[in-house]
Amino acid sequence: MADNVPSAWTIPALRGSARRFPRALLTRAGHSVIGWQETIRDLGAFALITLGAIATKFDHARSLTRPMIRYEIYRCGIRLLPMICFIGLALGLVIIGQTVSLQTKVGAQEYGGLIIVSVVVRELGPIIAALLVLARAGAANVVELGTTRALGEVEALESLGIDPVHYLVVPRVIGMAVSIFGLTVYLVVVSLLSGWLFVFIQDVPMSPGDYFGQLAGALLWQDFVLLALKTFAFGGVIAVITSFHGLAKPLKLEDVPVATAQAVTECVVICGVIDAMFLIVYLLI
Amino acid sequence: MSAEPPKPVAPLVELTDVTAAPPGAPELPEVEGVNWAIEPGQFWAVGGLPTAGDSCLLPTAAGLTQPAAGNIRFFGRDASEDVDESELLETRRRVGLVFSHGGRLFRDQSVLGNIAVPLRYHLDLPVEEAEARAEKLADLLGLKPWLNRAAVSLPLVWQQRTALARSLALQPEVLFLDRPLSALDFSHRGWWLEFLTELAVGLEGRPPVAVVVGGDSLKPWLGVASQFARLDAGRWETVADPAADDHDAFGGGGRFIRPKN
Chain W
90 MADNVPSAWT
100 IPALRGSARR
110 FPRALLTRAG
120 HSVIGWQETI
130 RDLGAFALIT
140 LGAIATKFDH
150 ARSLTRPMIR
160 YEIYRCGIRL
170 LPMICFIGLA
180 LGLVIIGQTV
190 SLQTKVGAQE
200 YGGLIIVSVV
210 VRELGPIIAA
220 LLVLARAGAA
230 NVVELGTTRA
240 LGEVEALESL
250 GIDPVHYLVV
260 PRVIGMAVSI
270 FGLTVYLVVV
280 SLLSGWLFVF
290 IQDVPMSPGD
300 YFGQLAGALL
310 WQDFVLLALK
320 TFAFGGVIAV
330 ITSFHGLAKP
340 LKLEDVPVAT
350 AQAVTECVVI
360 CGVIDAMFLI
370 VYLLI
Chain D
421 MSAEPPKPVA
431 PLVELTDVTA
441 APPGAPELPE
451 VEGVNWAIEP
461 GQFWAVGGLP
471 TAGDSCLLPT
481 AAGLTQPAAG
491 NIRFFGRDAS
501 EDVDESELLE
511 TRRRVGLVFS
521 HGGRLFRDQS
531 VLGNIAVPLR
541 YHLDLPVEEA
551 EARAEKLADL
561 LGLKPWLNRA
571 AVSLPLVWQQ
581 RTALARSLAL
591 QPEVLFLDRP
601 LSALDFSHRG
611 WWLEFLTELA
621 VGLEGRPPVA
631 VVVGGDSLKP
641 WLGVASQFAR
651 LDAGRWETVA
661 DPAADDHDAF
671 GGGGRFIRPK
681 N
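Protein chains in written order, with the numbering used here: chain W, 90 to 374; chain D, 421 to 681.
No wet-lab data here; the hints were simulated from the structure. As the structure is a prediction and not an experimental result, all values here were calculated from the model. Just so it is clear, CB atoms sit at the ideal spot from N, CA and C, and this is done for glycine as well. Accuracy of the hints is not assured; some may be wrong.
Claimed, not checked - Simulated restraints on C-beta separations:
(1) W:M366 <-> D:P446: 39 to 47 Å
(2) W:F175 <-> D:S602: 46 to 54 Å
(3) D:A570 <-> W:P339: 21 to 29 Å
(4) D:R569 <-> W:L115: 38 to 46 Å
(5) W:M172 <-> D:K564: 38 to 46 Å
(6) W:D344 <-> D:Q591: 55 to 63 Å
(7) D:N455 <-> W:K338: 28 to 36 Å
(8) W:R168 <-> D:D605: 40 to 48 Å
(9) D:V547 <-> W:T145: 23 to 31 Å
(10) W:G141 <-> D:D559: 36 to 44 Å
Unchecked claim - The calculated lysine to any residue pairs, modelled on SDA-like cross-linking and capped at a C-alpha distance of 25 Å, are:
(11) W:K338 <-> D:A488
(12) D:K639 <-> D:S520
(13) W:K146 <-> D:W578
(14) W:K341 <-> D:D544
(15) W:K146 <-> D:A664
(16) W:K338 <-> D:D544
(17) W:K194 <-> W:P297
(18) W:K338 <-> D:S520
(19) D:K639 <-> D:V572
(20) W:K338 <-> D:P443
(21) W:K146 <-> D:D544
(22) W:K338 <-> D:W578
(23) W:K194 <-> W:A179
(24) D:K564 <-> W:P297
(25) W:K338 <-> D:K564
(26) W:K341 <-> D:Q529
(27) W:K338 <-> D:V572
(28) W:K338 <-> D:A603
(29) W:K146 <-> D:A488
(30) W:K341 <-> D:S475
(31) W:K146 <-> D:A603
(32) W:K146 <-> W:P253
(33) W:K338 <-> D:Q591
(34) D:K564 <-> D:E510
(35) W:K338 <-> W:P253
(36) W:K341 <-> D:K564
(37) W:K341 <-> D:D528
(38) W:K341 <-> D:G522
(39) W:K338 <-> W:A239
(40) W:K341 <-> D:A499
Can you build the whole structure from these sequences, using the hints too?
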């Protein structure tokens, strides 16, 4: 929040009237807009610095950064596979199975593939994978990097001539982006298979050939490209935002929960905005 | 035939009217008006009370923090000029800095890993080769029994040595040490004094390193350092006769300051 913007509580003339609903609401809204504008500016600058580090130093210190990237892929991706498979199973049973079952009752089964692709492949798959990585690894990122900053390890890196963004943030960005893409693919595949399992169990009159044929017919090559772009965007955004909140300012112990909550909120909002942008692209296809 | 006079050697680090302040708080200077040139082969001891500003000045002189005012030159190059990032990196590699109280080791690395990180980052060495070099350096500093331990789990005295080993990995030409003797017992102090003396003249075939140490008192460095300075009330003063200097952590003039009550 900008320090030089007076609030209703500090201006004596307004203090008495601060309890009046419309003015207090306007003041609060104004503060929020200024706060968000500063946050977007700072995050944008940090994102550009990170992109610059990726572009100029991707091949630098490979023997050190490649194992770190592999570790991030393991931490954010492979360790979450069991949970993703479970969620995929549930998603398939609940969404796909129910959808196909209901469509068959109203005789609209030819739209099944389109609905499955639209709901699972284009929307739910990427967003669920992103939210899971955010909950499990994103929040931990804020705490880890905040601790790293508080213990002075960032200055130690700088004193050794090591770029802290290249060493700490870039492996996380690449690791999270690859992990969310991989987890989304697994989620979608498991969902589709479990959906058909539900169809089979419920004895819905649809052969496997019809089911998978509908899916193949509804999938466009653009779906694969946009899925990759969306998941990489989610991974990059989550890594940059959580790293920013861990590294940008020195964190005291009592600040860590607040910073983590703020990072998670910002990630959800910005991922939602990205999702909306991709929705427009899908509508134009 | 007369021999040509030797060319004057540029100082390794040169501070001109520098004001040092904590990072992010340039309006709160701790030391002002520092004029200081560190030349090859010198061993500087900088004394002052714990709040005198040496923990702020040394990172500034090492190029880690921007000075609030004044100018710093590294190896003849003005630090305020626009420099290529590779040149900035090269400067950082030639200047080492050891932090006080444990040296700010990387807590996710072992002792060997901590020492190998700068080698792997700057020289892109494979793990085995970097660790082999790091092990040699660790052996020189008596760290061999601790190699595979988590660095931050070591006692503070051994963490401090690990930090020293890490800063020496890239063979810097200037080494700044912030209060290296704090919290050390007598035997470890003796080791540090001996090791830094050897480092300044050239350790095991390595070139000599210009050493700068900060501390509460100049007394431990008598007979070891060649140049002395003191920070007093935010001002920099070179000390010509450190043996006669009675400013130490107990206050000016050697008097014990009684608490007011």
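Here is how each hint holds up against the structure:
At roughly 41 Å, the beta carbons of W:M366 and D:P446 sit within the given window of 39 to 47 Å. At roughly 53 Å, the beta-carbon separation of W:F175 and D:S602 lies within the given 46 to 54 Å, and the hint holds. Checked against the hint of 21 to 29 Å, the C-beta distance between D:A570 and W:P339 comes to roughly 24 Å, which is consistent with it. In this structure the supplied range 38 to 46 Å is violated for D:R569 paired with W:L115, their Cβ-Cβ distance being about 59 Å.
At about 43 Å, the beta-carbon gap between W:M172 and D:K564 stays in the expected band of 38 to 46 Å. Range check, W:D344 to D:Q591: Cβ separation about 39 Å, and the 55 to 63 Å hint is violated. Roughly 34 Å separates the CB atoms of D:N455 and W:K338, a value that falls within the hinted 28 to 36 Å. The hint said 40 to 48 Å for the Cβ distance between W:R168 and D:D605, and at roughly 44 Å that hint holds.
At about 24 Å, the beta-carbon gap between D:V547 and W:T145 stays in the expected band of 23 to 31 Å. Take W:G141 and D:D559: their Cβ atoms lie about 39 Å apart, and the range 36 to 44 Å holds. For the suggested pair W:K338 and D:A488, the alpha carbons sit about 20 Å apart, so the restraint of at most 25 Å is met. The hinted pair formed by D:K639 and D:S520 meets the criterion: a straight-line CA distance of about 19 Å does not exceed 25 Å.
For the proposed pair W:K146 and D:W578, the alpha carbon gap of about 34 Å is over 25 Å, so the pair is violated. Straight-line distance between C-alpha atoms of W:K341 and D:D544 comes to about 35 Å, which puts the hinted pair past the 25 Å bound. Proposed proximity of W:K146 and D:A664 is contradicted: the alpha carbons are some 53 Å apart, above 25 Å. Taking the CA atoms of W:K338 and D:D544, the gap is about 30 Å. The hint is violated against a cut of 25 Å.
A C-alpha spacing of about 18 Å is found between W:K194 and W:P297, which places the hinted pair at or below 25 Å, so the restraint holds. Of the supplied pair hints, the one linking W:K338 and D:S520 holds, its CA atoms being roughly 22 Å apart against a limit of 25 Å. Proximity of D:K639 to D:V572 is assessed by CA-CA distance (about 30 Å); at most 25 Å being required, the pair is judged violated. At roughly 12 Å between alpha-carbon atoms, W:K338 and D:P443 fall within 25 Å of each other, so this suggested pair holds.
Taken as a hint, the W:K146 and D:D544 pair is honoured in the structure, with Cα atoms around 12 Å apart against an allowance of 25 Å. Between W:K338 and D:W578 the alpha-carbon distance is near 30 Å, which puts this suggested pair outside the 25 Å criterion. Taking the CA atoms of W:K194 and W:A179, the gap is near 22 Å; set against the 25 Å cutoff, the hint holds. Note on D:K564 and W:P297: the hinted pairing is violated, with a Cα-Cα distance of about 64 Å set against a maximum of 25 Å.
With a C-alpha separation of about 37 Å, the suggested pairing of W:K338 with D:K564 is violated against the 25 Å cut-off. Taking the CA atoms of W:K341 and D:Q529, the gap is about 23 Å. The hint holds against a cut of 25 Å. Among the hinted pairs, W:K338 with D:V572 is consistent with the structure: their alpha-carbon atoms are about 23 Å apart, no more than 25 Å. Between the alpha carbons of W:K338 and D:A603 the distance comes to roughly 29 Å, so the proposed pair goes past 25 Å and is violated.
With a CA separation close to 30 Å, the supplied pair W:K146 and D:A488 exceeds the 25 Å bound. Distance hint between W:K341 and D:S475 is fulfilled; the C-alpha atoms sit about 21 Å from each other, no more than 25 Å. As the CA atoms of W:K146 and D:A603 are separated by approximately 40 Å, the hinted pair breaks the 25 Å bound. This hinted pair checks out: W:K146 and W:P253 have alpha carbons roughly 12 Å apart, not beyond 25 Å.
Restraint check for W:K338 and D:Q591: not satisfied, since their Cα atoms lie roughly 32 Å apart, outside the 25 Å limit. Taking the CA atoms of D:K564 and D:E510, the gap is about 29 Å. The hint is violated against a cut of 25 Å. With a CA separation close to 14 Å, the supplied pair W:K338 and W:P253 stays within the 25 Å bound. Using a Cα cut-off of 25 Å, the hinted pair W:K341 and D:K564 is violated, with the two alpha carbons roughly 35 Å apart.
A threshold of 25 Å between alpha carbons decides the hint, and for W:K341 with D:D528 the separation of about 20 Å falls inside it, so the pair holds. A hinted pair counts as satisfied when its Cα atoms are at most 25 Å apart, and W:K341 with D:G522 qualifies at roughly 20 Å. Distance restraint check for W:K338 and W:A239: the Cα-Cα separation of roughly 9 Å lies within the 25 Å cut-off, and the hinted pair is therefore satisfied. About 32 Å separates the Cα atoms of W:K341 and D:A499, which puts this hinted pair outside 25 Å; it is violated.
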